[in-house]
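Undergrad: Okay, here's what each chain looks like letter by letter:
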Amino acid sequence: MSTATDSTVTGPTAVRRPAASSPNRVDARLHRGAGRWVVLALAGLFGLAMLSPFLLMLVNAFKSAADYSQNGPLSLPTEFYTQGLVNFWNRTDFPMKLLNSVLISGAVALLGTLLSLVTAYAIGIGRIKGRVWILAVFLVANMLPQEAIIYPLFTMANAVGLSNSQWSVIIIFTVIQSAFGIYLLSSVLTTFPVELLEAAALDGAGRFRILWSVVYPILRPTLGVLMVFFFIWTWNEFFIPLVMLTSNATQTVPIALASLQGDRLMDAPTINAGALVSLLPALVFFLIFQRTLTRGVTAGAVK
Amino acid sequence: MKRSSRLGLVAAAASLALALTACSGGAAAPTAGSGGSAADEPKTLTIWDYESDESAMGQAWAKAVEIFKAKHPDVTVKQEAQTFEQIQKNAKIVLTGDSVPDVMEYNKGNATAGQLAAQGLITPLTDAAKQYGWDTKLAGSLSTTAKYDDKGLMGSGEWYGVPNYGEFVGVYYNKDLFAKYNLQVPTTLAEFTAVMDAFKAKGVTPLATAGAEYPLGQLWYELVLANADRSFVDGYQLFKSDVDFHGTQLTAGTTALQDWISKGYIDKNVAALKAEDMGVSFIKGKYPMMVSGSWWFGRLATDMKADWGMFTFPGNKLHPGSSGNLWVIPTKAKAPTLAKEFIDITLSPEVQNVLAEKGGLPVAGDASVITDAKVKDLTTNFQSILDQDGLAFYPDWPVPGYYDVIVAQLQGLANGNKDVNATLDGLGKAYAEGKDDLLNG
Amino acid sequence: MTTTQAPTRRRRATWVPYLPYLIPGVIAFVVIIGYPLAMNVYYSLFRWKGGLAPMRFYGLGNYADLLADEAFWTSFRNSISMIIAMVIIPTLIGLVLAAVLFDYLGRRFGPRVASVLRATYYLPQILPVAVAGVVWNWILNAQDGAINVLLTGLGVADPPDWLGNPDLAMPSVMLVLIWVQVGYPVVIFMAALQRVDPELYEAAELDGAGWWDRLKAITLPQIRPETFVVALTCTVAALKVFAPVYVLTRGGPEGTTLVPSYYSFLNFFDKSKVGYGAAVATVLTIVIIVVAGVILGLQARSERREREGR
Chain A
97 MSTATDSTVT GPTAVRRPAA SSPNRVDARL HRGAGRWVVL ALAGLFGLAM
147 LSPFLLMLVN AFKSAADYSQ NGPLSLPTEF YTQGLVNFWN RTDFPMKLLN
197 SVLISGAVAL LGTLLSLVTA YAIGIGRIKG RVWILAVFLV ANMLPQEAII
247 YPLFTMANAV GLSNSQWSVI IIFTVIQSAF GIYLLSSVLT TFPVELLEAA
297 ALDGAGRFRI LWSVVYPILR PTLGVLMVFF FIWTWNEFFI PLVMLTSNAT
347 QTVPIALASL QGDRLMDAPT INAGALVSLL PALVFFLIFQ RTLTRGVTAG
397 AVK
Chain B
73 MKRSSRLGLV AAAASLALAL TACSGGAAAP TAGSGGSAAD EPKTLTIWDY
123 ESDESAMGQA WAKAVEIFKA KHPDVTVKQE AQTFEQIQKN AKIVLTGDSV
173 PDVMEYNKGN ATAGQLAAQG LITPLTDAAK QYGWDTKLAG SLSTTAKYDD
223 KGLMGSGEWY GVPNYGEFVG VYYNKDLFAK YNLQVPTTLA EFTAVMDAFK
273 AKGVTPLATA GAEYPLGQLW YELVLANADR SFVDGYQLFK SDVDFHGTQL
323 TAGTTALQDW ISKGYIDKNV AALKAEDMGV SFIKGKYPMM VSGSWWFGRL
373 ATDMKADWGM FTFPGNKLHP GSSGNLWVIP TKAKAPTLAK EFIDITLSPE
423 VQNVLAEKGG LPVAGDASVI TDAKVKDLTT NFQSILDQDG LAFYPDWPVP
473 GYYDVIVAQL QGLANGNKDV NATLDGLGKA YAEGKDDLLN G
Chain C
-9 MTTTQAPTRR RRATWVPYLP YLIPGVIAFV VIIGYPLAMN VYYSLFRWKG
41 GLAPMRFYGL GNYADLLADE AFWTSFRNSI SMIIAMVIIP TLIGLVLAAV
91 LFDYLGRRFG PRVASVLRAT YYLPQILPVA VAGVVWNWIL NAQDGAINVL
141 LTGLGVADPP DWLGNPDLAM PSVMLVLIWV QVGYPVVIFM AALQRVDPEL
191 YEAAELDGAG WWDRLKAITL PQIRPETFVV ALTCTVAALK VFAPVYVLTR
241 GGPEGTTLVP SYYSFLNFFD KSKVGYGAAV ATVLTIVIIV VAGVILGLQA
291 RSERREREGR
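Chains as they are written, first to last, in our numbering: chain A, 97 to 399; chain B, 73 to 513; chain C, -9 to 300.
FYI, nobody ran anything at the bench for these hints, they're computed from the structure. One or more of the hints may lead you astray.
Claimed, not checked - If you want the footprint, here are the derived chain A segments under chain B, 3+ residues with CB under 8 Å:
| id | region |
| --- | --- |
| 1 | 238 to 252 |
| 2 | 284 to 292 |
| 3 | 341 to 350 |
| 4 | 376 to 384 |
Given the structure is predicted, the values throughout are model-derived calculations rather than measurements. Cβ coordinates follow ideal geometry from the N, Cα and C atoms, glycine included.
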């Protein structure tokens, strides 16, 4: 189904005519009917089902250990207990861990998205020869099980003096996450409307200008998605930071949470409280970037 | 995003970079010779451990750090709280790097400390043991877990680690429930089964355990040890003789476990339960007894409402248990002499008595300082096992990865999908393969 | 406007100037991925305990052992269940939800409602897996879990042992995985739907097309790139899945929920059979590459067909 030719032929006129008459017609049709409420209720119920484990977490996060042991996880707490969380906060120097996690995840989100954009530009729009194979090679980064690459990575980091440094983690995850970014962006860019590129080229814009003034604005929602994903995926990464970061000053939040789980005993209420606290930055990041996601920029508007 | 906010992002990234280089860790101290005295070593002692601060060990070691600081006011002590998983699984990788601690808590046994020793990742401490007198303080089975040979098998060879405390497995019981049904603490296995029958008759499942983690395996091991002697343990744990997996001890123990399951002494849905579930259900009072280790003591003391106590597994001369975790010194440590002094301080009476008071089962403590009755009971139980040389280590120790094998095989037994012979076959096969791997690489 | 010869002449040379844009990516990947991957294959040819232990050459022996290893085959069989739980079901659910949220609810109730619902569906993705394991254990626990407490309350005498019964454990793990995965396709598809030119929908509406027809004729073809991306990445994730299995069942009961990544991990770390673990990881990587290659090939073919259609 060809889309581009329709728009160029019918151009501006097609945009104007429906726009004049649609608001009233669309409005009237959409904002009535009981059917929409049923659908909303169903979607809401599904959302509630998805959230129910979190409610369980909430119930247990503010329970004292004794209360939890005596009454089990399903009962409401007998009192609002925050001491476990306070102890955890102080013992693991949680603010330091939060800072490390934010720095690392933020850096990976930024650098990964950048790397993905630049590389996907070459593959998707430049249509480099043999690009399916190149793409497959990049994707391998995401396909490797982490335990397979940890030994060599650790040795390399030590050799270049990055032992126990957040930069080693940032570099590794920028590469691993970019694999996904390159794939997503080049898939989208392959279907990018060619006329926009040609029009800009005719105006005398070089490849670099085209990247930033034509491609980037249209891709913004997708780039927003990448930033969110990269931040959240890196935030929750446990294994590679566990091996690379060996001192409390550099460790991240998931490692701090894991310290509540010992060899044979675990502190369930504090784990929950700690997890809820650690969820917040990732959630905040998601909510902030949701605004980018909802700013619908379409091919039509750019024209 | 507007152009200006994009520039803002770039600026943020630049400051990110600066912030990161500022707070990154990384070894900065110069390397010191391994035989040097404390004077040539850098003035920092880095300690890694993973015990919680409120535990007996955590408090005792805090005292040790205090004493050390008083002795060496010019040395900075950096105590890094690590996670168990990190150290357990990744030590082999991390210790080859440059950011290693000077002294580290590590698990004992062939599969853990033994491996590090065999690979030269931790320094031998035999000379220090003689110099500081550790070999006299830690006698008998306590020192078994401190020494490893060149293949990484415990029991002989150089000293590689120093334990501060011990641990053992016994039976925790709910005194209130026992009183409710007029039952006495059993002293023989027959009495034990009678007590469990009595509970069963009243509709109460007597024993809390967990099939997805270590508890069921430890219970099984107790039943095996009921028919075993020291030479069996030497064969099973130290490879001093071959183990017949269809021999008397193992067959009797496994059959007993199956028997207990079919009689309903143990919940039939035990396969997926985790140790945490077991503990919580015992604390709640759902089960009157729990067969598990001294590491639960602290938590029961704070969380349990009902009156409770602990007795050693009735009738056994041998019990699962061992020395506690070891202090080891990595080969690449920069301040080994300071580390050795620290270890010596942890064995000193002041620190050991802190362990004693808090129920930490010290290796060289004075039981008379204990004021709490329950702690006294726990410590007396441990002492009696030590006196009989009754520590038999843990069932998953002999070969690496045996923990998962035991869990899987016993799950099969509990679910009724495997009979005794099939279970023993499975256990025996994995044991033989693992032993071959260990000895022949 | 343009002659027929100019495009082909231009295309042969046009891609070359884009090569410099590839350089950062290529360098990064060779260093961080290429070298470790090569090392991993290298390790798989040895018997090695890790750390500073000696490495003993074993040729393809590890691979021969793999083929005879029952646990290895079980783990790959379980991967198929993982694909169902992490690819097929979440993609379908995600597609429907995204379309409903963006197209239907978004236009009738405003984008705010759609955003809130999207956030709730995505939340499980943000939760650390270790904690999710603890929480789901509270739900699925045979004795005190929320589900079984509810069932006993409703009068069921012997509620199922969700995680302990070898026949039920895998489906239970799959349920948790679906819960975790659903949010991901929803977010991607909703962003994709924003790329679609609303004029197309308006034109179709003017032609009298209903919601379902619009979905089939406009939405699905337009978001085809993202559909492929979701299919591929979820499949790779399903083949690589480790953490949820680790926290829920540790591969049990009786080894019924063993997956290749977890099996490799066990060998690397618990059993200290690094060479063997590397072999499992290499085989897993090859399987992933082959599967991914097939999906990529399908995607390239569909892209080519679409461009030719223009």
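Undergrad: Take the hints in turn and mark each one as holding or not.
TA: Right, here's what the structure says about each hint:
1. 238 to 252: holds (count 4)
2. 284 to 292: violated (count 0)
3. 341 to 350: Three-residue rule met by the region 341 to 350 of chain A, so holds; n is 6.
4. 376 to 384: Not satisfied, violated; 0 residues make the cut.
Going down the numbered hints, you'll see the structure goes against 2 and 4, while the others check out.
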